[in-house]
Each structure stands twice: as structure tokens, then as C-alpha cells.
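Asks: Using the sequences and the accompanying hints, generate a full structural model.
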Amino acid sequence: MEPKKMKMRSEGLAVFYQQYQALRGIDMNIAANRVTALIGPSGCGKSTFLRTLNRMNDLVEGTTIKGQVYLDEVPIYDKEVDVVGLRKRVGMVFQKPSVFPMSIYDNVAYGPRIHGIKNRSHLDEIVEKSLKAANLWDEMGSRLNSPANRMSGGQQQRLVIARVLAVDPEVILMDEPASALDPISTAKLEELISELKKNYTIVIVTHNMQQAARVSDYTGFFLSGALIEFNTTSELFVNPANRQTEDYITGRFG
Amino acid sequence: MKRGPAKKRRSHKESFIEKTLAFSAGLFVMVIAVITIFIFSKGLPVFLQVGWQDFIFDTDWRPTRGIFGIGAMVLGSIAVTVSAMVWAVPLGIATAVFMAEIAPGHIGRMLGSLVELLAGIPSVVYGFVGLLVVVPFIRQHLGGNGLSVLAGAIVLGVMILPTVINISRDAILAVPKEYAEGSLALGASHHQTIARVIIPAARSGIITAIVLGMGRAIGETMAVVMVTGNAPVAPNSILAPVRTMTSNIVLEMGYASGDHQGALFSTGMVLFVFIVALNLVVNRVAKAGGINGKK
Amino acid sequence: MAKNKWYDRMITAAFWSAGLFIVLILASIIAYIAVKGISAISLDFILQPPSRAGRAGGISTTIVSTVYLTLMSLLIAVPVGVGSAIYLQEYAHSQSRFGRLVNLIAETLAGIPSIVFGLFGFVFFVVFLDLGWSILSGSLTLAIMILPTITRTAQEAILAVAHEYRENSLALGASRWQTVSRVILPSALPGIVTGIILSIGRAVGETAAIILTAGSSLGMPIAPSDPARTMAVHLYLMAMEGISAERAFGTALLLVILIVIINYLANLSLKRFSQAVR
Ligand SMILES: Nc1ncnc2c1ncn2[C@@H]1O[C@H](COP(=O)(O)OP(=O)(O)OP(=O)(O)O)[C@@H](O)[C@H]1O
Ligand SMILES: [Mg+2]
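Protein chains in written order, with the working numbering: chain E, 46 to 299; chain P, 1124 to 1418; chain D, 733 to 1010.
Note that these hints are calculated values from the structure, not bench results.
Among the clues, some could well be false.
As the list claims (entries may be wrong) - As a list, the in silico PhoX-like pairs of lysine-lysine whose alpha-carbon atoms are at most 25 Å apart:
id	chain 1	residue 1	chain 2	residue 2
1	E	124	P	1142
2	E	124	P	1300
3	E	111	E	124
Given the structure is predicted, the values throughout are model-derived calculations rather than measurements.
Replies: Encoded structure:
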């Protein structure tokens, strides 16, 4: 693969929860308009890493962060950085779909509204576009006013994605987005991810090797808070350089 | 297009809101400080002038002559409170056990909302019913004029039931189900399990319930003033009339002035200190006990 | 074995009778007041002002005073109580030192007897701030008394709102206040309302503190600086001075009816809240 434009980059990133060190000096490049998958055993720090990319860890009391993360080569852990603006540019889809207790429409319009868009027809447009992009328009386009928490789990997960898309971010972080989904919804989601990478940079945490292999261009393998191996997905899965990586992807690992 | 993370907008609105909210929380500190300062500044002079021992233990209360001993009222408060607790605490705990462990779910819940209602009925209404039902009953069947420690104990007991019941029930419900299951699995009966496992495990919550019920009883004013006859002398029998510290305040505040008023504030100050101390102790007990019966 | 069974049954029966006894107490209080008070209640009783110190006429002014005082105290206590709950849960964290201090104070305030609040309200609002016996003094005092209930229930309601809502909203680039006002408060609202309704119950029934701060004038309060006599104070004075038993029963019944309605509403909103949170 030809060298890619870098969207985000972490440099010597270390994260501590109180005394406990969850990440040890992570250097990683995240390519623009590509899907980067993060894999590794439970508790190895994948979510922690993901959450440093839009500073969600700031919300966890007692967290210390060392090192730096760059978005378009601008450091995001600087004193003057507007965290709210950063999160607008780096959206996040959490592991458990959590829709707000409002209508489908209001869920999607939530982000644009807080960012100051009031014009109804403009909002309508954004809602439609986002739902279409999230493959939800055909199912839900006629039921925009029904409460979002009555939808199925798979629909809710796509609604959460539509909600992020409506903010028009540049990067989308997804933490095990398929963990609560059945195979059909998972397939739809993977299809969606492949489409989205045309316009967005995507980082996805997954426990599913096949999924990582199917959807991602790059893969990083984490173990005990360290980034053991990072490479193109094809290379990492076919030709792992590291013994631990090989053990993990072939399932010989605990 | 290449743009870095935006520089922080100094959001005036956000920080203004945060400061306003912080201020409202800060008001709590101010309120308790102002209450303490004013109660003490009005209550302390007479209290010190009389001397704390004489003030609290002397049973001579002749405010118009400048003799301020609230001993009789202290005894009155203790008499009424203790005799109310004697019957209301066991009944309250039994009811809490019933609601949490024995009654079928829907009956437990129904009883719960009835207890809420019992808690909601105003003191004056209790006092009123006490005056018109309990007092005549005592007068006719037990003698005396009916306005008595006993009447106070009956009315007050009913009033502290909700406190005792609710907090004990929450404490019992908070006992992990595994404890009970472990005991039942060993062949203990349901009642043995309640007595040997559940109640001991909920102990600190139940103690909290009793202590808070006691605080409620000591502080209650209107119901007590209506049924106890209010004679400022130490009671010598359960059928004798009695005046509590709270009654003393509400009865005389209307016309008291000067040192007399100061002495009423001293009475309030003693109550205040006692109740605050009680609450702090409860706070410790609840924390130390692990299962926090207080919500 | 047979003996054991009998023993068990007797214990069960004892517990049932404890529960039954509580029902009996409540039922007989309410029935007694209802039976004795129903004949006093009429439209005139509610709409006419009292005359001859309550010996004749209705209780309209005391109803107005009760509503007036209650609303004013809510006006003061709800913003402060809910505001501090938001601050402690969403900004400072209730486990911070400041949060623990405020909660300890709230707990302490909740335990302080009405009469002490009455004394404080008298010396501070009535005398020191020179507000006199008035609706204003009364409602400021009442506001302090209901503050703990409002804050505590609001904190519990906010805490019960799914943590994910908060994270999701912030991850979409919402500010703290946007998150609070658009997601958290709407979800916590029924729980907050429950606390407010319960405080209304407390305010309506309060007597000792009101008598010392709002006075006992039977006139119709217009301005917040006017003195007032609430229904509860009216009932107390009529009972103590032996004025018109019939009207006293009528007042007591109205108070009880109010409390029953208030409790019903509180239960209703609690139910809606637990459904919403789930
Ligand atoms: N808020 C926290 N406080 C303390 N320790 C934490 C906290 N969050 C995570 N940890 C710890 O940090 C380590 C990394 O957690 P993280 O959630 O990043 O793991 P993960 O790789 O996402 O695991 P999983 O696959 O199970 O989601 C774990 O050992 C976890 O226990
Ligand atoms: Mg994770």
C-alpha cells in the first residue's frame, strides 16, 4: 500500500488510572480515510487508547496522561485546546448503543442543534443525510418521531452512528460496535464501515479477528498496555512479525 | 483542508452557569453557618449566665422572675420520647421485617405507600386527633385529666413509626440475598434466618432508624404540645402532665422578651446541639456499619 | 416437629398483625377525621373568610396563605436545591470533599426540629432582616426546611440517569451545560418532581416554624410582606383555644385530603420515573 496521509498520531502515550498504568508509551499513526482496527485481549488498554483520541478520559477522575496525540499534526493535549471542539471533530461510538430518551429525529438532530443549527429544513436535511449514510433511512425514514429506545439493538447501534455522522466529524472512533449485534446486523454494520471510510477516518476496537481482517486496512495488536505490533492488516494477519501476535490471532492465546 | 483543534473559546456562559450552580451549593454552607451563629448568639448569653449545669438540670422554671432551669422540660422530653420508643420501635422494626421479608410483594409495596402517607400527615393533625381521642380515652379509663406523658407517648409513637419502618426496611432490603440463601441452604428456617442472619446484617441500618426516630421524637413540637398538658414540672407518673423542651419554646415565644426570650433560645440551642450531634453519630454508625440504612 | 410448625405459624401471625396494626392506625385516623369533618366542608367553608377569630365563616384566607407560602418557598428552594444537586453530581462530584460537606449539611438540616428553624427564622428573618411576621419570612424559613429533601431527591434522580447518556452527549461535542440541560435534566425530571411534591407535603403541614415566622393573622395576605395564618396554624389555634370543633375538623379533613392527593401524585411521578430510567 502506498504511503498514506496521516490523520492522527500518538507519541509516547501513557495513561494512568490512579497508580495503575493502563498504557505504556504508545506510538501509532492513524491514516486518513482508512479503517484502523485495534485488537488484543480484554483489559489490554484498547478502549483506553481509543478514549484518549478524543479526550474522553478527561472525564474519568484520577486519570493522568503523558505523551501527546496529534490531530492533523496539532497536539490535542495542550492547555488551550477546546475539548468540546475536538470531540466534534473526533466522534465516538460506544460499545453499548445508548440512544437518548427522545425521538429518532431528535437523537440525530442533537449534535447539530448543540452546535447552533436551528433552521428546521437544514436540520431535516442533515437528519436525512445521516440516516441514509448509516443505512437506517429505509427502515426508519417514515418513523422519525417514534421514540428511539423502541428500536432493535442493531437499529440503535446504527442510529448512534447516524448521530455521530450528523455532527460531521473527521474521525470516528468505534469501541466494539458489533458486540451487541446479531450476525445480520453485524454484516450490515461492516458494510457501513467500508462505505464510511470514503469520507471519514475510522478507528475500531474489536474482539473479532475475522471482523478486523474484513473491515480494516491497518491493525494494531495491544497486550498489557503496550502496542506489540502495528502493520497493514493483510501483513499482520498473514505474516505476524511477533510471536505473541501470532499466538493471539491464531487463538493460541488465553 | 487542514485545521488544528480550535483554540479554547472562553465560554462565558458555561463558566457563569458553573459559578451559579456552585454558589447554590455553597448556600448550604452559608445557611448552616448563619443558623448556628444566630441560634448561639441569642441562646448563649442566658445559658452562660445561668451556668450550663443549672440551666439543664435545675427544675425551677420561673421566667418572669428570671429563674431559668429547664430540668423539668428535659425530663419531660426524655419521658415522652422514651415511652414513645418503647412501643413504636419494636412495632416499627417488626413491620419493617414484615414488609421486607414476609409479606407478598404487592402487600409490602401497598403497606409502603400507607407508611408514606402516615409520614405525610401533619403534626397538628396528629395532635388534634390525640387531643380529641387519646386524651379523653385516658381520662375516662385510666384517670387523671388525660393530658399526660402517656398521651404524648401514644401520639409521638405513631409519628415516629414511618421513620423507624422506612429506614429499617431499606436496611433489611439491602442485605445481600446470598446471606439468606446461605442460611436457608444450611437448613435454617425462614424465621431463624431472619433472626440470626438478616437482622444482624442490617444492624447498623436499624440502629440508624432507631436513633433518627429518637431525634424526630425529641424535636417534635405541635403534636406534643397539644396532648401533654404542658405543666412545667417534672413528671412523677405516666399519667401526669408534662412539658417538653419544644413545647416550652412554642408556648412562650409568643410573649417572651428579654432574658426570657434568651432562655427559650438557649433551650433551642440545646436541642440544636443535641440533634446535630446525634446526626453526626448516626453518620459515623452508618458508615462504619457498611450497610448504609440511610438514603 | 409439630411443635416447631406451630411456633413458626405464631411468629408469622405476629408479623402479619404488626403490619395490620399499622394499617389500622392509619385507617382509623383518616376515618375519624373524615367522619367528623365531612359535615363542615362546603363550598362556603372553602370560599368564605373566617370571622370572629374562626368561630364563624370559612377558612379561605388560611387556604390562600398555605398556597402562597408553599409556592414562595418552592420558588426559593427548587432552584437552589436542584442547582446544587446538578453542581454536586455533574460538576464537583458528590464524593469530592465539598460534595461530602454539602451532603452532610443537608442531612443535618433534615434532622433539625421545626421549632429550631422557627427560632432561627424569627431571629434572622423577622427581627434581624426586619422582614416582620410575613409570608416572606415564613417562606424563606420553609425553603431552608425543604431544601434537603429537594437536593437529595434531585441528586438521586440525576445519579440514576444512565451514565452513557452523559458520555454520548459529551462525545458529540456538547458542553457540560448542554449535556445537563438537554439530556440529563429531562431524564431526571420525574424524579426531581417527586422530591418537589414531597416537599409540598412538608410545607403544607408545617406549623411550629410558621407560627414563629409568618404569624397568625387571619387577614388575606396580598403582598409578601403581609403576615399570614396557614391551615395548619389555624387548626392548632382552634384546637388549643377550643374554638369551633366543627371548623377544626373541617380544616383537618381538608389538610388530610391535600396530603393524600400530594402522596398520590408523588407515587405517580415516582412510577413514571422508574419506568423512564429503566
Ligand atoms: N476508570 C478506570 N479506573 C481504573 N482502572 C481502569 C479504568 N478503566 C480501565 N481501567 C483498567 O485499565 C485497563 C485497560 O482497560 P481498557 O478498558 O482500556 O481495556 P480493553 O482493552 O478495552 O478491554 P476490553 O476488551 O475488555 O474492553 C484494565 O486493566 C482496566 O481494568
Ligand atoms: Mg474495552
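Asks: Could you run down the list of hints and mark each one as holding or not?
Replies: Hint check:
{"no.": "1", "hint": "124/E - 1142/P", "verdict": "21 Å, holds"}
{"no.": "2", "hint": "124/E - 1300/P", "verdict": "49 Å, violated"}
{"no.": "3", "hint": "111/E - 124/E", "verdict": "13 Å, holds"}
This entry does not satisfy hint 2, going by the numbered hints stated previously; all others are met.
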